[in-house]
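Asks: What follows is each chain in one-letter form.
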Amino acid sequence: MNSLVKKQVYIPSVLVKDLPADEVIKIITVSQVGHVVQKNGVDFELEKQFVDGVKLNSLNYFSDPLKAILGSTLINQLHIKFKESVQKKETIEKVKVWVSNIRGASRIQDSIYLIVDELFTNAIYNALPFFVGLRDSLDRKEKVDLTDRKACEIFVGHNEHRLILGCSDSFGSLNLEKLSNQLLNTYAKGIAGSIKYGKNGAGIGCRLMFDNCINFYLGVRENEQTIVALGLPIGPNARAIDINFKNIHFIINKE
Amino acid sequence: MGALKIGEDVHGDTVSLSLTGPIDEDANFPNIDLSSFQEVTFDFMNVTAINSCGIREWIRWIENIKPEARVTYSNCPKVIIDQVNMVDGFLPTNAKVGSFYVPYFCESCDNLDTTLYSDPVGIANGSVKVPPQFPCSKCKQAAEIDVIEGKYFKFLKK
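Protein sequences, first through last, are from chains S and E. So in numbering that gives the first Met the number 0, spot 207 of the first sequence is number 206, and the numbers just go up one at a time. So in numbering that gives the first Met the number 0, spot 3 of the second sequence is number 2, and the numbers just go up one at a time.
These are calculated hints, taken from the structure and not from any lab test. Each hint should be verified, as a subset may be incorrect.
Below, simulated DMTMM-like cross-link-like pairs (lysine to aspartate or glutamate); rule was C-alpha separation at most 25 Å, straight line [said to hold, decoys possible]:
{"hint": "1", "chain 1": "S", "residue 1": "38", "chain 2": "S", "residue 2": "147"}
{"hint": "2", "chain 1": "S", "residue 1": "25", "chain 2": "S", "residue 2": "44"}
{"hint": "3", "chain 1": "S", "residue 1": "195", "chain 2": "E", "residue 2": "32"}
{"hint": "4", "chain 1": "S", "residue 1": "140", "chain 2": "E", "residue 2": "32"}
{"hint": "5", "chain 1": "E", "residue 1": "137", "chain 2": "S", "residue 2": "210"}
{"hint": "6", "chain 1": "E", "residue 1": "95", "chain 2": "S", "residue 2": "159"}
{"hint": "7", "chain 1": "S", "residue 1": "188", "chain 2": "S", "residue 2": "159"}
{"hint": "8", "chain 1": "S", "residue 1": "195", "chain 2": "S", "residue 2": "141"}
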């Protein structure tokens, strides 16, 4: 899969139906496929358009992920910049207040908070050390200040069917091969069997996020930018979050 | 949204612990020797969230509980039931869920209610009878159960 990051820009996609989450991860890990889209998923047409759009020009995703994902159906959006670890709780609180006005979002509030928490934590504690070549993330109790130049951003947007939560950082250090293997490992060993018992990351955050979404978008411009976004169903479709059929997208840009 | 607070109530070899706030990397679990108790009850009513580090710290904290101790998880909100269902060891072996919340969503007024179930016989038999609908606390219209039952009640089979 590393060859994907280093050499290959064109990433094949597959359309599937009723494919369980672990099988989706298996496909993305062991093959060269970078997009798995469920034919019976929420916003199927938008998902197809998204794949076509990023195949044409992946920079669309990196310049405006909400527009790339939701297109003209995007109703409203929120952007929150952060650079210090101490800003986590206020960031979650701002998202909480904002989504409380979206009809149907109350029923997925637990998933929203969990995802914002994990996105924030990954950006602050994982992206920087991996960018500078360290092998492990930072101690979760450490106070971190990324400076204004490397500030990150949590973004939220929605249409009538989905809420998109995401995080952008300017490190571009996310290793998609490592991440997909880590995810696959959580299915093989179970979540408990995959926990890392140190002071750094627990190693299960991505699995928790994946379990709490229906679309997982992972975009990397190596050493430039990482954008991770997740789609959650709102309104009458909201229980789809508990159904095990998920889409995943790897978006890679090599200039 | 502050750090997790844990209230302790010790009576001989019994301890009741009530948790308030998020279970995350900032949680300071009390320096209480859980291995010295025969009965341990956790009250999760006021737990607001849990993240990946919180799950790890929780498992690390409760691993000292004696295997023969009677352990009960009470007033479990959905975030706790989700972990009980997904993460082996989040609920110690031989421990039981004493009571738990079930979410109900009202399409009419966009309200989310949670209803507490504490049927010890039903829980012990793994066959809790939960109504598919419940009157919404705001508009009194029928609110529907907001979980996939086969998935949410998986913990009853543990």
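Asks: Against this structure, judge whether each hint is valid.
Replies: Results for each hint:
1. S:38 / S:147: 42 Å, violated
2. S:25 / S:44: Status holds; Cα separation ~24 Å.
3. S:195 / E:32: Holds, at roughly 23 Å.
4. S:140 / E:32: 23 Å, holds
5. E:137 / S:210: Violated, at roughly 31 Å.
6. E:95 / S:159: 40 Å, violated
7. S:188 / S:159: 37 Å, violated
8. S:195 / S:141: 17 Å, holds
In summary, the structure is inconsistent with hints 1, 5, 6, 7 from the numbered list given earlier, while agreeing with the others.
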